[in-house]
Amino acid sequence: MRVRIRFTKLGKIRWTSHRDIARVWERVIRRAGLPVAYSQGFSPHPKLHFGLALSTGHESLAEFIDIDLDDASPVLPGPAELAALPARLTDVLPVGLVVESVGVVSTSSMSLQQAVVSCEWHIEIRGVTPDDAAAAVASVMASPSLVITRQRKGKDVTDDVRPYVLDLVVVGPTDAGTQIHAHLATQPRGLRVSELLIVLATGGEEGQVRRTKQWTLVDGARTEPLAGPSAATSAPLAERRAS
Amino acid sequence: MTVWTQLEPLLAKVQKPARYIGCEDGAYEPNHHPGAASWLLAYPDTYEIGLPNQGLQILCEIVNERPDGAAERTYAPWADLEELMREHRLPLFSVDTHRAAADFDILAFNLSAELTYTNLINMIDLAGCPVRAAHRSPTDLLIGVGGHCTYNPEPIAAFCDFVVLGDGEEVVGEITAAVAAWKAAGKKDRLEILRALAGITGVYVPQLYDAVFADGMLVETVPNDPAAPATIEKRTIADLGEWPYPRQQLVPLTEVVHDRLNVEVFRGCTRGCRFCQAGMITRPVRERPAEQVRMMVSEGLKRTGYDEVALTSLSTADFSGIEQVVIDTVNDPDCGGQISVSLPSLRVDAFTVGIAGEIQKGRRTGLTFAPEAGTWRMRQVINKLIREEDLYAAVRSAYSQGWRRMKLYFLTGLPTETDEDTLGIATLARNCVAIGKEYHKNPSVTVSLGGFVPKPFTPFQWFGQNTREELQRKIYLLRDELRRDHAIKLKWHDPKASMAEGLASRGDRRMADVIEDVWRHGGTFQEWSEHFDLQLWLDALERAGLREEDFVYRHRTEDEALPWDHLSAGLHKDFLWQDWRDALAEVGLEDCRWTPCYDCGACTGYGIEHVVASAVPPAGGSQGTGQDLSVGGEVPVTLLASKPVGATARS
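Sequence lines, in order, name chains A and B.
Read in my numbering, the first sequence has 120 at position 93, and its numbers run on one by one without any break.
Read in my numbering, the second sequence has 37 at position 24, and its numbers run on one by one without any break.
Isolated chain A, as found in the complex:
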């Protein structure tokens, strides 16, 4: 049985890396007593499948992890245990990580990294006024192409990144600058937030960055890998706990 877990990463813990969070999950699964399946072979390891990496320093309202459970285990969770799992996991997770929902997915489903096609972001650009940000956004959205050279796997790659920018909107001012909303494609190479800021060329610095959604395509329709508890784009409870 494969369970998919949706969780948030907010507050001080955003300074941990993707790898750090992977290691946190390995410990948390043991603490929660989940009967995780182990790989065979010389050095068995728990079968955890992680979604798209979140850069160190970025927050998220929509992170996902798939866990394969041992179907032969006598403590394999039933429907009631699954419903109680978010609270049970959050209880042993570090402050700032909160499980929002848990669902069962097919073991033959595409991996999260393949399935997710785009992500939405709230991005703070420090030192830039909403008017200047709006001009930069308009310029990018009006450009037919945006060719940049960037690093991928240690090599310089020249790409037209315009197709990755699905949508850009100015949200409004923050204490130190302007918040924009961005919808960015992730396939085949994706566009990083830092790269988007280069393309926007506002001269401002990256401030608070928060992933708000991840999208997959199911029969051509945008669908979240696993729905959250509500359609809310903020998580007041989780934020209070993490700050």
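None of these hints come from the bench; they were simulated from the model.
Check before you lean on any hint, since a few could be wrong.
To be verified - Cross-link-like lysine-lysine pairs, in silico, DSS-like; alpha carbons within 25 Å at most: (1) B:504 to B:454; (2) B:420 to B:504; (3) B:420 to B:502; (4) B:26 to A:180; (5) B:420 to A:180; (6) B:502 to B:450; (7) B:454 to B:502; (8) B:315 to A:74; (9) A:182 to B:26; (10) B:420 to B:454; (11) A:182 to B:29; (12) B:450 to B:504.
Since chain A is already given, all that's left is putting chain B on it; use the hints.
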């Protein structure tokens, strides 16, 4: 006052920002209030190195359990953050609540390595406190130090207000009470608290003592204040079972060294290896009751989610009933059979390898042994009485059970060492490879060579350390000898760093100028090979008008004053001198756990005893087995009869 809002924008600009956020599972909520003495407990190295330090975690818990205390932790910021902190005038802060250092009463350091001394000064400076104790006002932080290095605190005495000798569990509470009382009275007079601290057994207040010099030599170190005792005795907790700490080991969010559950199974060691300061200053042996070990392991694993536990101590296989504890842990049904146990300090014998075989099912990565010297003569000098047969039996046992890689630790620059002794390391390593070839196609042996640095309160405290050039010559001698042996890989420590370690280990108060000078010229993180800079140390010595020969290379005499003579680790100086003479005469000394007492002083002086559950020595240990130590090997080392492992090893 939290500095988090100033710190957070800087985190985007530094490597590994998770070092600075805290948020570990198990961290205490400190209860700061006007009646509580607040400690900022520091490890003067990076978070990854410092967080697992058990001493700091133990003290943090004990202080936070007290109504009159509150404790948080801090570690040395890496150079990138330090630069930003200085640029933005951000002070040293705690990782628990990001409170500025100056808001604490005490900044106390655990010192486990002498080359961190420049980091100690750097952190005092980052805390916004004058680096010299003499320049501090009543409202400045009290700077304290503890840990193994403090058995000779003289090189850093000028920077410290108080120094703690020995086990910290009890004395930390006494210091907390004294500081809380002084704080409640308004912190009027700094001398008042220094005197109060000097009255606590185990606490040394350097400002209340004068080091007297004549003709460039230390004559004596004597009190200059009636509140200061002539000799400062170390603290020893009699029963480790009364201190099941840390009760909740911290689980960090980011990767650190020794990232696993650690349970201390005993403290102290009486094997009597003459080079080993830890074995001399932590006597006597005090075992934790096996039942408590099982409880701490089982509950710790459940609470932390770790899948690995280390049973820690010196020479861990000496723990009475070690095998049963290990088997119980590996087979604990609550842990689902996925737990591995590591024994960081292994004895060199087949019995120990047998235990390692029990616990490392599947994962046979590598095994480390520490014969320390290449010939039996040399091992008699240092009292590490491992016969070649012991080593070969251990190695054979390991190869036969599936290990392919061995790591052998050796010291060079030992007293009376000849080139024959150095080259003996090559012979041992080659013979290990030959045994490996009987079992595997490509066995490999890594030889790790460290330059010997004599330490205070050991029989070798009088020995003149080998010069940088001599250590380098010996390293190259061995390297050239092993040039054609492709199965043997030689690694060595930088002899230049060993010289600096020597200055800081056995120097006197004059060394303070040198250490401060190295720091003022940017010499932090000196224990990191990429940051160590010999020239900083040589320049500092020259500016101070001091010579490395006088502090490091010179043999010391029986009648000369040692910088640590006013401190006591319980060991009688005449015992240490006799052991030094025995070393030169190549005479070994038994482990006193299972043989009559030879009165080193560690028990008798303090009215305490060994706490050892087993009256007989462990099987396989070549020391204390009753053999004639002067010749070695009279009593054969036998594998445990019940171990099928041993049978296969011999086939």
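Item to check | Straight-line alpha-carbon gap residue 504 (chain B) to residue 454 (chain B), limit 25 Å | outcome: Judged against 25 Å, a Cα distance of about 23 Å means the pair holds.
Next on the checklist: Just to be careful, I want the Cα atoms of residue 420 (chain B) and residue 180 (chain A) compared with a cutoff of 25 Å; is the pair within it?
Outcome noted: Violated - the C-alpha atoms of residue 180 (chain A) and residue 420 (chain B) are around 35 Å apart, more than 25 Å.
Next on the checklist: Please verify whether residue 502 (chain B) and residue 450 (chain B) have alpha carbons no more than 25 Å apart.
Outcome noted: holds (16 Å)
Checklist entry - Does the alpha-carbon distance linking residue 420 (chain B) and residue 502 (chain B) stay inside the 25 Å limit? => result holds (9 Å)
Checklist entry - Straight-line Cα separation of residue 182 (chain A) and residue 26 (chain B) no greater than 25 Å? => result Between residue 182 (chain A) and residue 26 (chain B) the Cα gap is close to 23 Å, so the pair holds against 25 Å.
Checklist entry - Would the pair residue 182 (chain A) and residue 29 (chain B) pass a check requiring their Cα atoms to be no farther apart than 25 Å? => result Given pair residue 182 (chain A), residue 29 (chain B) holds - Cα atoms ~23 Å apart, limit 25 Å.
Checklist entry - Regarding the pair residue 420 (chain B) and residue 454 (chain B), is the alpha-carbon distance no greater than 25 Å? => result holds (18 Å)
Checklist entry - Taking only the CA atoms, is the gap from residue 26 (chain B) to residue 180 (chain A) under or equal to 25 Å? => result holds (22 Å)
Checklist entry - Is the hinted pair residue 454 (chain B) and residue 502 (chain B) satisfied, with a Cα-Cα distance of at most 25 Å? => result holds (17 Å)
Item to check | Proposed proximity, residue 504 (chain B) with residue 450 (chain B) (alpha carbon, max 25 Å) | outcome: Holds, because 22 Å separates the two Cα atoms, which is no more than 25 Å.
Next on the checklist: Tell me if the straight-line CA distance from residue 315 (chain B) to residue 74 (chain A) falls inside 25 Å.
Outcome noted: Holds. Residue 315 (chain B) to residue 74 (chain A) sits at ~20 Å (cutoff 25 Å).
Next on the checklist: Would the hint linking residue 420 (chain B) and residue 504 (chain B) be met if the CA-CA limit is 25 Å?
Outcome noted: holds (10 Å)
Of the numbered hints listed earlier, the single one contradicted by the structure is hint 5.
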